[in-house]
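Visitor: Those sequence lines, one after another, are chains A and B. Sequential numbering of the first sequence, starting at 2, is according to the working numbering. Sequential numbering of the second sequence, starting at 1355, is according to the working numbering.
Accuracy of the hints is not assured; some may be wrong.
[Said to hold, decoys possible] Think about it this way: if two alpha-carbon atoms lie no more than 20 Å apart in a straight line, the pair counts; the simulated SDA-like pairs of lysine to any residue are:
#1 A/K191 x A/R218
#2 A/K405 x B/L1676
#3 A/K405 x B/L1357
#4 A/K405 x B/L1474
#5 A/K405 x B/R1361
#6 B/K1647 x A/K191
#7 A/K405 x A/R422
#8 B/K1647 x A/F392
#9 A/K405 x A/A343
Hints listed in this document are in silico derivations from the structure and should not be mistaken for laboratory results.
Take a look at the letters that make up each chain.
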Amino acid sequence: MTATPLVELRGIYKRFPPDVRANEDVSMAVAPGEILAVLGENGAGKSTLMQILYGVYRRDAGEILVDGVPVEFANPGDAIRHGIGMIHQEFMLVRSFSVAENVAMGTAPLKGEKFDVRAVAADLTALAQKFGLGVDPAAIVEHLPVGVQQRVEILKLLYREARLLILDEPTAVLTPQEVAGLFDVLRALKAAGKSIIIVTHKLREVMDISDRVTVLRDGRNVGTRITAETDEPLLARLMVGRDVLLRADKQPTPRGRSRLSVADLSVAGHDGELRVRGLSLDVHGGEILGVAGVDGNGQSELVEALFGLRPVVSGQVALDGEDVTRLSPAARRTAHMAYLPADRRNVGSVGDLSITDNAVLGAQRTFARFGGRWRDRRAAAAHASALIARFGIRAPGPDFPAGKLSGGNLQKLVLGREVARDPGVLVVEQPTRGLDVGAIETVWAELLAQRAQGRAILLISAELEEILNLADRIAVIFDGRIVGTVAGAGADVAALGLMMAGRPVAQYGAA
Amino acid sequence: MILRLERRLAPASSPRAIFFANAAAIVAALVVGGLLFLPFHVSPLTAYADLVGEAFFTARGFGYTVTEAAPLILVGLGTVFAWRSGFAYLGFQGALLVGAVVSTWLALQIGASLPFALFLPLALALSFAAGGAWSGLVGFARARLGGTEVLVSLMMNYVAALLVQYLVTGPMRADGDLPQSALLPRSTWLPIILDGTRANIGIFVALVAAVIVGLVLRGSVVGYELIVTGLSPRAARFGGIDVSGRTLLSSVVCGGLGALAGPVEVLGNQHRLLDGVGEGLGFVGIVAALLGKLTVVGTVIASVLYGGLTVGGNAMQRHSGLPSSVILVIEALIVLLVLASDLLRSWRIVFVVRQAA
């Protein structure tokens, strides 16, 4: 590199006592007007590195240079003053404030006792126009879609004259169209000379948007490549350290009879507002019905109602033709329904209890003697050991606290426990959220194995890639309704994206 | 050189770490408390030797210690049962008084005509039932109506205290100058287990209850469901556990356990009902359970230590003329520092030597 990089990290070390080496000798640089992707699995040290760059953590060793000059950041304020801004996964916005007020807060000069919001709004309009951001400074943040809120965060950084924007997993909450829109904005920023670091574990995005990519594995920089000179398999191998094929091996399976049938179901959210509005669907044995949609369109309320965790306002849920709408979760378990909740740490398991105690959750009366009254610890421990062995859960033993398992290993435990009960219907919610590639492979393979055994699987996922790989049919949920159902094979991503944004598309393919 | 707290990556949770953290906290409390002796020209070492010697190494003193400990254990067990299942009950003082009233009434009515072997189980069962109903009201309010058990149970302590006041000044008042009930028939007094001491079978009642509570929480399916409910109500519902039913059960049992401290105190110590009976035991028992980290064994140990501290503190005061408030300060220091010692399980103290710039 000939020109001076805008920001350079040299030999960064960060250790969390007693024995986690989050970053070891990581060096990287980002040039003016460059989009750099930082790629790595969960736990590879991406976040730690960015937090060090943003002044949240202190490095143990190494150097940070801005414009070739060594700098010390005691806190994010220092980083911002050097033109470095960061957008976290959770937006830092006051929801009841307008866009301009959010931007003014903490940055704009005070006019008397108040911010000069009008002046800020004028600046924002200019900025938004310059970069094609399309944000109304007067709009109240909570009325804005997620994709636009993200633009507000970007505007905030631009207003603070950030020269380097760090985006941490920016696409996790967006529809495909919103992702495309975000990338257009990023390209405009780049054309205006801004530098961007995008932290991600999605290979497709790296290829789409970045100029160069730095791959982290186990806290080390295992390679920096010019994006145009590499490809997805190469990057995947760098990231994981071995060959991976994120393509599920799906065998054709005969479709059985209808096992789970939902008719005209309406469910209210915590605030009493309807979140599911007259939704109907059918899941057959030997098939995976994928429910695609952006988070927050009634998916959680739907699955909670299906499992009896949330009362139904109207409509019917039937298992094998039997009405179960009013049954308790325990009764639904007895009726061979199983559920893999999205929140595996707080709903699917109890972190303070051992793997053994978690392995019997929901079946505590089965692993018991004296008519289900006294716990049979030996049987429970044997069951836990069997799950550990069968699903390759990495743990010191069945007495190990479940809360100390990694996300992937915990998910294997919860999924293993649910399928071990031989369910007829399996409801699966966001099964691979936050998991690394290896664990995703295991979970996908197990879901397909369950499908091959004739189980009816309802897969709710915000990851389109997951749905496309696993589902036999895809139903798209928007605002509590199914806006369309298409065949999984050969589904058109653009059409799905439009439906996820609420635009019904003429149905095509088998439904 | 400066001291700095550094976060441990994982909390130290081995039994050894917990033991050392607690032991260090108690030693620190005794050292700090010892400073309070100096203005009185008393050597902390002699004073502490008096304390420990009296409370644990004389038959008479140890008898007092276990007598002090028994009601604390029972209230502590109620706390363990309730709090482990997510029911933050604070009404043990009230439950204790309800048990005291019921057992006093029973002893005065039919105590003289029943053999003790029949009377005691009956008195305990009735006290348990009455205390359970008392606390179950709070559980019902929470499980069915969504009330907060903390406030309701605290307020009900006043109701119980006023109820006792009413009874000993009105319907149950015995002739005489003091507002108190008649002396209970001698046949209903808890028998002494060590000649020449005050130790009565109340401690056995407490220990049997401890064994039962320990077995239920560890071994039974209901105990498992209670603990899951306490740790994560959402996971419990997901696991098919009837969360509000379990909350109700927990609320009944915890008050029943706390109410057992009533007969132990009335039949074992006071031998009559009087205003202010068992004062404070319903709260000190909660503290003992917290010091015992909400485990059955820990609660028993903490209760005995706490009882010993009270007994030994009195002896220390007699021998060295220290005001009794000193021992209260030490007790409070122990509670504070033991609870604070949890911090050391998640954080470590590091000594940082400032580097030359």
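Visitor: For each hint, tell me whether it holds in the structure or not.
Guide: Results for each hint:
| no. | hint | verdict |
| --- | --- | --- |
| 1 | A/K191 x A/R218 | violated (27 Å) |
| 2 | A/K405 x B/L1676 | violated (50 Å) |
| 3 | A/K405 x B/L1357 | violated (29 Å) |
| 4 | A/K405 x B/L1474 | violated (48 Å) |
| 5 | A/K405 x B/R1361 | holds (17 Å) |
| 6 | B/K1647 x A/K191 | violated (57 Å) |
| 7 | A/K405 x A/R422 | violated (24 Å) |
| 8 | B/K1647 x A/F392 | violated (35 Å) |
| 9 | A/K405 x A/A343 | holds (18 Å) |
Against the hints set out earlier in the document, violations occur for numbers 1, 2, 3, 4, 6, 7, 8.
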